[in-house]
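K.L.:
Listed below, chain by chain, are the residues.
2 protein chains.
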Amino acid sequence: VSTPDLRLKALAQGYIDALNGRSADRVVALFREDATIEDPVGTPPWRGRAEIEAFYGSALDQVLRVEVQTAPRGSYGEAAAYAFRVHLSNRTLDVIGVLTFDEAGLIRSMRAYHGPSDLVEIEPLR
Amino acid sequence: VSTPDLRLKALAQGYIDALNGRSADRVVALFREDATIEDPVGTPPWRGRAEIEAFYGSALDQVLRVEVQTAPRGSYGEAAAYAFRVHLSNRTLDVIGVLTFDEAGLIRSMRAYHGPSDLVEIEPLR
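Each protein sequence line maps, in turn, to chains A and B.
The numbering used here numbers the first residue of the first sequence as -1 and each following residue consecutively.
The numbering used here numbers the first residue of the second sequence as -1 and each following residue consecutively.
Same shape as in the complex, but just chain A (with noise of 0.2 Å):
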């Protein structure tokens, strides 16, 4: 059966499956002109085109990959949201994610609910 969610699990899943093919360009192709990204929550927001270019050429440059925990979530509106922990070189970092899209599927905002103790040095092997 096909629900008006899918389309916001697959829209979701397409960002993720962009953000582990570490193309900057491809990410921020995903959204608006106008969108912003609140990461972490409770810090001010990126805004813009130029912004969003300046935190995920940032990013990349830190993230190996992101491992999705639990599938995306849908909403009866423009929502989707997911569990997913990120591996960097030395430490991961656990996060729930929100995205919301526009009606033509572009990202209108981004926010990933992580704070300090989310973030865990990974043990070195010796």
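None of these hints come from the bench; they were simulated from the model.
In this text, all values refer to a predicted model and were calculated from it rather than measured experimentally.
Please note that a few of the clues may not be correct.
As the list claims (entries may be wrong) - One-sided excerpt, in silico: chain A residues whose CB lies under 8 Å from chain B:
#1 Ser73
#2 Ala79
#3 Val93
The beta-carbon is built from N, C-alpha and C at its ideal position, and this holds for glycine as well.
Chain A is fixed; fit chain B onto it per the hints.
P.N.:
Coordinates of chain B only, in the frame set by chain A:
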């Protein structure tokens, strides 16, 4: 190391524990008088004590158990967020929950992200 977001995570866990305690009174007491609930996201919110009592009175009639799938993440503000599965009598509902708290630790807002496709029938054993 204690960080400010540990308080947010503990408050979120307290809400989950209250739900699993299955006392609507205990759950409702965690909310501010003027709190809002948007569940599911994309539908009109429940506002204020009386509506929140009605919401949980009805919800706890249906919910058998809340299973946390990813431990609450914090934020740099007043929010915590986590992934969970709600067990109903013959269905499961997969959700991302976002809670915000005031300075006193009371819930200011609860948002639950789930769409039609997140509600899944459980196969009967025979």
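K.L.:
Check each numbered hint from earlier against the structure, then list the numbers of those it violates in ascending order.
P.N.:
none
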